[in-house]
Structure formats: structure tokens, C-alpha cells
Amino acid sequence: MLPLPPDLSVEHTSYGTLLSSRIPLPTPARCTGDWLVAHARSRPDALFLAERGADGEWQRHTYAEVLRAVEGVASALLTSGAGTSRPVMVLSDNSVAAATVILACLHAGVPVAPVSSAWSRLSTTHGRLREVAALLRPSVVFADDPAVYGAAAAAVGADTTWWSADLPGLAATPTSPELADVFAAIGPSTVGKVLFTSGSTGTPRGVVNTQRMLTSNQASLAAIWPFLDDAPPVVVDWLPWSHTFGGNHNFFLVLRSGGELWIDGGRPVPGLVETTVRNLAEVSPTLWFNVPRGFDQVLPLLEADEALAERVFRRMGLLFYAAAALAPTTRARLEAVAARAGRPDLFFTSSWGSTETAPLSTSAHFPTRTVGVLGVPVPGVELLLAPVQDRLELRVRGPNLSPGTWEPGGAVAPLALDEHGFLPTGDAGRLADEDDPAQGVVFAGRISENFKLSSGTWVNVGQVRLALVDACAPLLLDAVIAGHDRASLGALLFLSPAGRALAPEVLRERLRGGLAAHAAKHPGSSERIAVARVSEAPLSLDAGETTDKGYTNQRRVLELRAEEVAALFVDDGANLHP
Numbered sequence: 132m133l134p135l136p137p138d139l140s141v142e143h144t145s146y147g148t149l150l151s152s153r154i155p156l157p158t159p160a161r162c163t164g165d166w167l168v169a170h171a172r173s174r175p176d177a178l179f180l181a182e183r184g185a186d187g188e189w190q191r192h193t194y195a196e197v198l199r200a201v202e203g204v205a206s207a208l209l210t211s212g213a214g215t216s217r218p219v220m221v222l223s224d225n226s227v228a229a230a231t232v233i234l235a236c237l238h239a240g241v242p243v244a245p246v247s248s249a250w251s252r253l254s255t256t257h258g259r260l261r262e263v264a265a266l267l268r269p270s271v272v273f274a275d276d277p278a279v280y281g282a283a284a285a286a287v288g289a290d291t292t293w294w295s296a297d298l299p300g301l302a303a304t305p306t307s308p309e310l311a312d313v314f315a316a317i318g319p320s321t322v323g324k325v326l327f328t329s330g331s332t333g334t335p336r337g338v339v340n341t342q343r344m345l346t347s348n349q350a351s352l353a354a355i356w357p358f359l360d361d362a363p364p365v366v367v368d369w370l371p372w373s374h375t376f377g378g379n380h381n382f383f384l385v386l387r388s389g390g391e392l393w394i395d396g397g398r399p400v401p402g403l404v405e406t407t408v409r410n411l412a413e414v415s416p417t418l419w420f421n422v423p424r425g426f427d428q429v430l431p432l433l434e435a436d437e438a439l440a441e442r443v444f445r446r447m448g449l450l451f452y453a454a455a456a457l458a459p460t461t462r463a464r465l466e467a468v469a470a471r472a473g474r475p476d477l478f479f480t481s482s483w484g485s486t487e488t489a490p491l492s493t494s495a496h497f498p499t500r501t502v503g504v505l506g507v508p509v510p511g512v513e514l515l516l517a518p519v520q521d522r523l524e525l526r527v528r529g530p531n532l533s534p535g536t537w538e539p540g541g542a543v544a545p546l547a548l549d550e551h552g553f554l555p556t557g558d559a560g561r562l563a564d565e566d567d568p569a570q571g572v573v574f575a576g577r578i579s580e581n582f583k584l585s586s587g588t589w590v591n592v593g594q595v596r597l598a599l600v601d602a603c604a605p606l607l608l609d610a611v612i613a614g615h616d617r618a619s620l621g622a623l624l625f626l627s628p629a630g631r632a633l634a635p636e637v638l639r640e641r642l643r644g645g646l647a648a649h650a651a652k653h654p655g656s657s658e659r660i661a662v663a664r665v666s667e668a669p670l671s672l673d674a675g676e677t678t679d680k681g682y683t684n685q686r687r688v689l690e691l692r693a694e695e696v697a698a699l700f701v702d703d704g705a706n707l708h709p
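Every position in the sequence shown, counted from 1, becomes a number in our numbering once 131 is added.
Rather than coming from a laboratory, the hints here were simulated on the basis of the structure. Treat the hints with care, since some could be wrong.
[Unchecked claim] What follows is a set of in silico ranges between Cβ atoms, one per label pair, in the way DEER data are often shown:
1) P669 - F700: 20 to 26 Å
2) G473 - A316: 46 to 52 Å
3) D165 - P518: 39 to 45 Å
4) D702 - A435: 37 to 43 Å
5) A632 - E690: 27 to 33 Å
6) P431 - R172: 42 to 48 Å
7) E640 - R174: 54 to 60 Å
8) E640 - S585: 29 to 35 Å
From the three backbone atoms N, C-alpha and C, an ideal C-beta is built for every residue, glycine too.
Using the sequences provided together with the hints, build the complete structure.
Now the structure itself:
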């Protein structure tokens with residue numbers, strides 16, 4: 132199970148270094164619905180979706196069964212008032228019911244907006260949900276459990292139809308005679324989804340995802356992962372469908388390839404990560420997708436139970452991480468447990484992109500050891516490394532690019548592209564090896580998060596944060612880097628469960644040791660953490676300090692915890708030093 136090696140074109144222009152793949156982009160499908168129809172006809176009894184029922188047992192749904200339900204719900208949509216200007220909003224966590232609604236919208240040409248369930252379930256103010264509902268003006272809102280999502284109803288407003296427990300009846304709706312013509316009229320420019328950015332860099336925006344974006348992304352992936360056509364993938368996944376990683380990359384990878392998607396009700400948090408490990412062990416997936424924090428949470432359970440790890444890794448050929456860099460200690464531990472489980476050759480890979488790129492723009496479809504390697508552009512996509520400040524901004528051009536953001540009534544506000552038609556992403560990068568660009572691009576942080584010390588030296592916040600968390604592993608969940616216009620760097624530390632389990636003095640001593648180890652490796656003023664302190668209050672979802680995927684908004688934390696930041700640079704006895 133090995134990806135195709137890269138074949139890279141490099142062009143040095145007056146406006147930056149342009150990278151593109153010489154691997155041809157296969158002709159993308161007309162629309163995502165064609166995949167479902169094709170598999171339902173050619174392999175009607177093949178498993179598509181599975182989830183645990185109320186009794187804890189797996190409930191399995193074949194491609195033919197899912198298509199029948201999708202056609203029923205799509206037929207109901209045609210008389211619901213939903214349309215190109217009145218989308219459907221999905222509040223629920225990942226489920227077969229939510230998948231049915233999403234696929235039905237894609238089948239009927241109705242934009243669908245799966246929004247973060249955390250904005251309904253975990254939020255106490257529903258502020259984000261109110262903003263999103265006002266922007267979308269949805270015709271239909273789907274929430275599979277009224278008891279859980281009822282409190283969010285007032286935030287959405289009254290001018291909507293609510294679907295919940297009645298979904299089985301809607302799925303049984305006789306197929307409308309009009310549906311075939313409606314489905315046939317769907318084309319590459321048809322709006323499929325409105326996906327909201329996580330808010331990790333500001334207020335969420337509704338990014339329009341066209342069918343072209345979704346299908347070209349999978350065509351790019353299939354070109355570099357040819358093994359997808361050799362055997363249908365088996366995936367166990369918790370990643371939320373409200374985000375482009377789980378909802379586009381993973382969901383459509385399985386659908387396009389005729390694979391199995393086992394919906395994981397777990398999460399990378401204590402009390403739920405055990406569910407994830409149980410599901411992984413029962414299914415033995417062939418591919419494993421996660422964010423680095425998810426792997427960090429799973430590892431202790433796998434390291435403690437060799438038989439469990441053997442079941443998890445029994446069929447696994449590829450491990451994929453995204454949304455953040457994988458710390459070297461985490462990778463080393465994963466490699467060790469995989470080797471003990473009989474998978475010493477497990478392929479580690481990552482990619483990079485954004486909600487605006489559906490998401491795939493680059494892929495590390497080659498062996499990597501350097502931390503933070505994002506890979507090279509996938510077939511059909513051009514990547515520009517454009518000079519900004521003292522860094523190189525990653526800019527994207529290709530068929531995976533969104534036309535813009537959703538406005539009330541269905542208007543689309545175009546994305547702000549540069550004069551050459553590239554999307555400035557705000558992410559910085561550099562070549563891992565200037566003499567061999569095929570070694571890929573290394574992530575160099577968010578340009579908006581970077582700052583200067585009083586010396587005028589730029590600080591790469593992303594790299595400093597990753598190195599600090601790694602040096603203090605496994606004590607930290609995350610760290611926020613401070614020091615704008617100061618002589619040295621400070622850090623607010625957010626403890627992991629392992630850190631919180633230690634006695635206070637033991638914890639302080641271990642953290643001092645981690646800071647000292649970090650300082651020894653990174654003595655320069657723009658990398659060395661001169662002072663740190665533990666921030667006791669957890670990161671807040673409502674306040675925008677974190678997202679449900681675990682991304683920490685550095686700037687937001689610094690703004691909201693200004694007093695703690697100031698205390699870093701005043702010796703009050705609570706601070707830690709290397």
C-alpha cells in the first residue's frame with residue numbers, strides 16, 4: 132500500500148517559486164452522486180456505512196440501501212422549499228442519518244451546510260450558531276436527536292422546517308419522477324456544500340464547495356494513491372463532517388473508492404478515546420486518519436495492551452495525520468507500537484490544504500522524516516511560494532479552489548485572489564531541501580501568528596510551539612507563545628491529562644526539565660522559551676480559543692488572557708524557567 136512517487140515541476144518566477152505535479156489529473160467525476168449510483172448498481176450488497184446502535188452493536192448499511200434512502204430524502208427535499216438559495220443545515224454529529232441527508236442534498240442539487248455540532252452541544256451561548264443561521268437562512272434543519280439539539284432551535288430561528296426522528300419516514304418517500312432530471316442537471320459548478328471555517332483565525336465564513344472541487348480533489352488523490360482502486364479502503368473515523376478533513380477528504384475518499392466507513396462515536400478526549408480504540412480494534416481498518424492530538428490520546432492505550440494494538444494494526448497500511456504537525460516523539464511511539472504489532476513498514480503521510488481547497492492541495496506521497504513536511508502539490512494543483520515579510524506564503528491555484536463565500540440568499544462573494552489567480556492562504560512554508568524540491572514543502576506557521584521581538588527578529592510561532600510541546604511530552608495539551616516587542620519569549624502552558632495527574636511539585640520539576648531540554652536545543656532568542664506558566668482555565672470553545680478539532684487560536688488566547696501574558700514577564704513566583 133504505497134503512494135506513487137512524486138514527479139515535480141519547478142518554475143522560478145518574478146513573483147515566487149511555482150511548484151506543480153507532472154502526474155496527470157484523471158478526468159474528475161461529474162458529481163459525487165455518480166459514485167453512489169455506480170457502486171449501488173455494480174456492488175449493491177457491499178457495505179458502505181456502519182454505526183453502533185442503541186444496543187451497542189454495529190448497524191450496517193449497503194450501497195444499495197443508502198442510495199434508496201438518499202433518493203427518498205432527495206424526493207422529499209424537492210417539495211420542502213429547499214433550493215439553491217435556501218440550503219439545508221445539519222447540526223448532528225456524524226451518523227448514518229446525517230450522511231443520508233448530506234448525500235440527498237448533493238443528489239437533489241440543494242446546498243448542504245453541516246455545521247459543527249459543538250456549536251449546539253458544547254456551547255452555552257450558541258453565538259456561532261446564531262451567526263451561521265443568519266447567514267444561511269436554511270429552509271430545513273436536520274438534528275437527529277431533538278433532546279440534544281432542542282436548545283439550539285431558538286438560535287436557528289422559526290422560519291425553518293426541522294427534520295429529526297421523522298427521517299426514516301422521509302427516506303421511505305417514493306422516488307419523485309422529477310428526481311432523475313434534477314440529478315442529471317447537476318454539473319461541476321453546482322454548489323454542493325457550504326462549509327464553515329473553524330474560526331481558528333477569526334469569525335467563521337461559509338465557504339462554497341462546488342461539485343468540481345469535491346470530485347477533482349478525489350481525482351488528485353486517486354492519481355497518487357493508486358492502491359485505492361486495488362482494494363476498497365476500510366476506514367474507522369471520528370473526524371467531524373462539518374470540517375473539510377473528515378467531511379470531504381475522508382468521506383468522499385471512501386465513497387469514490389467503494390469502501391467501508393465505520394462511524395466512530397469516540398473522540399480524542401478522556402472517556403471517549405476508549406470508544407475509538409475499541410472500534411479500531413474490532414474493525415481493523417486499512418487506513419487511519421487523525422489529528423496529532425488524536426494519536427496522542429490513543430497511544431497510551433495501545434502501548435499498554437499489545438493484543439489490542441495487534442488488532443488495530445492488523446490490516447493497516449497507511450497512517451495519515453493533518454491539521455497540525457506530528458511531534459517527533461508521537462511519531463516514534465506510533466512507529467514502535469506498530470512495529471511490535473507486526474507493521475514495521477507502516478507508511479506515515481500527511482497533506483495540507485484548507486476549507487477553500489476542498490481540502491487537498493499538497494500530499495507527502497513519499498517517505499518523510501522531517502517534522503512538518505506538507506508534501507508537494509497534488510496533480511492538477513499549482514503551489515506558489517510567494518515572498519511575504521521575511522517568509523514565503525503558500526498560495527494555491529487549481530480546480531479545487533472555491534469560487535467564494537456564501538452570502539444570504541445564495542450570492543457568492545468571490546475569494547480575494549492575487550494578480551496571478553492564486554489564493555493567498557496565510558500559511559507560510561519553505562522547501563525542505565532547496566536543491567531537491569521533490570523532498571516537499573515544510574510548514575512554517577501562520578503568518579498572522581508570527582511576531583517580532585524587540586530586536587526585530589521574527590518568531591515562527593508554529594515551530595516554537597511544536598518544539599516546546601514535544602520537549603515537554605506528554606505533559607502538555609498545547610502551548611501559546613508570547614513575546615511581541617519583548618526581548619525574549621514566554622509561553623502559556625495548557626496541561627494534558629498526564630500533566631494534570633501529577634502532584635504540583637513533581638509537575639513543576641518535570642516542566643522545568645522540559646523547558647531546559649528545549650532551551651538546550653533552541654538557544655536563539657527567537658526560539659528559546661525564557662519563561663512559562665501553567666494556565667489553569669481550559670481553552671474555551673465559546674470564546675474562540677479552540678475548535679472542536681483541537682486547534683488553538685494563538686492570537687485569541689493572547690487577547691483574552693492578556694493579564695496572564697503580562698504576568699509571564701513579572702516574576703511573581705508562579706513562573707517557570709529553564
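Taking the hints in turn, this is what the structure says about them:
1. P669 - F700: 20 to 26 Å: holds (23 Å)
2. G473 - A316: 46 to 52 Å: holds (50 Å)
3. D165 - P518: 39 to 45 Å: Since D165 and P518 have Cβ atoms about 42 Å apart, the given range 39 to 45 Å holds.
4. D702 - A435: 37 to 43 Å: For D702 and A435 the Cβ distance comes to about 41 Å; the hint holds.
5. A632 - E690: 27 to 33 Å: holds (30 Å)
6. P431 - R172: 42 to 48 Å: holds (45 Å)
7. E640 - R174: 54 to 60 Å: Holds: the Cβ-Cβ distance is about 59 Å, inside 54 to 60 Å.
8. E640 - S585: 29 to 35 Å: holds (31 Å)
Going down the numbered hints, you'll see the structure goes against none, and every one checks out.
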